[in-house]
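Enquirer: Numbering (mature numbering (1 follows the signal peptide of the UniProt record, and there is no 0)), first residue to last: -19 to -1, 1 to 117.
Do not take every clue at face value.
What the hints assert, rightly or not - As a list, the in silico EDC-like pairs of lysine to aspartate or glutamate whose alpha-carbon atoms are at most 20 Å apart: (1) Lys38 to Glu49; (2) Lys23 to Asp67; (3) Lys71 to Glu16; (4) Lys81 to Asp107.
Claimed, not checked - Ranges of calculated distance between the beta carbons of each label pair, as one might list FRET restraints: (5) Thr59 to Lys3: 24 to 30 Å; (6) Glu27 to Leu65: 15 to 21 Å; (7) Glu9 to Asn63: 17 to 23 Å; (8) Glu27 to Ser93: 28 to 34 Å.
Hints were generated in silico from the structure; no laboratory data involved.
Note that the Cβ used here is the ideal one computed from N, Cα and C, for glycine as well.
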Amino acid sequence: MKNLLLIALAFFNISFCIAQDKSTIEQEATSLAQEQLDAYNKRDIEAFLKPYSENVKVYAFPDQLLYEGKAKMREEYTSMFNRLPDLHCKLVNRIVLNNKVIDHEEVVVMKSQPKIYAIAVYTITDGKISEVRFMQ
């Protein structure tokens, strides 16, 4: 009986630790996705790039590599921020599962054009956004 109780207690502790780890991972993933979204809307390139890994890969869904690396991302987004003064992204819905964040976004590129609806899937690795996959 004592052994059964010890096994049950050990199982409970392991389950609790796994749940805490998942919760921590999801909190970190949410925080990184929100950090880059807030910086995007402020057009703050340094703050925008901060949550990304040096070797970030950006894809058109499902697997067309658009570019790789933070330096290339800096070029792309600096140009976009400078060319599009109306650029703004509103979060419609967010799903977080483990180290993945799926954002449904409403994007204003120019006020004179219709809004665009897009999906961005962020993958978090070692405390940074390591991949982004866009679809619209």
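Enquirer: So if I understand the rule, the pair passes when the alpha-carbon distance is 20 Å or less; does Lys38 with Glu49 pass?
Expert: 4 Å, holds
Enquirer: Holds or violated: the 17 to 23 Å window for the beta-carbon distance between Glu9 and Asn63?
Expert: 31 Å, violated
Enquirer: Taking 20 Å as the top limit, are the C-alpha atoms of Lys81 and Asp107 close enough?
Expert: 13 Å, holds
Enquirer: Keeping to a limit of 20 Å between CA atoms, is the pair of Lys23 and Asp67 held or broken?
Expert: 11 Å, holds
Enquirer: For the pair Glu27 and Ser93, does the Cβ-Cβ distance stay inside 28 to 34 Å?
Expert: Taking Cβ atoms as reference, Glu27 and Ser93 lie about 29 Å apart, which means the hint holds.
Enquirer: How does the Cβ-Cβ distance of Glu27 and Leu65 compare with 15 to 21 Å: does it lie in that range?
Expert: At roughly 18 Å between Cβ atoms, Leu65 and Glu27 fall inside 15 to 21 Å, so the hint holds.
Enquirer: Verify the CB-CB distance for Thr59 and Lys3 against the hinted window 24 to 30 Å.
Expert: With Cβ atoms ~36 Å apart, the hint is violated.
Enquirer: Is Lys71 close enough to Glu16, meaning Cα to Cα at most 20 Å?
Expert: With a Cα-Cα distance of about 13 Å, the restraint between Lys71 and Glu16 holds, given a limit of 20 Å.
When held up to the earlier numbered hints, the structure conflicts with 5 and 7 and fits the remainder.
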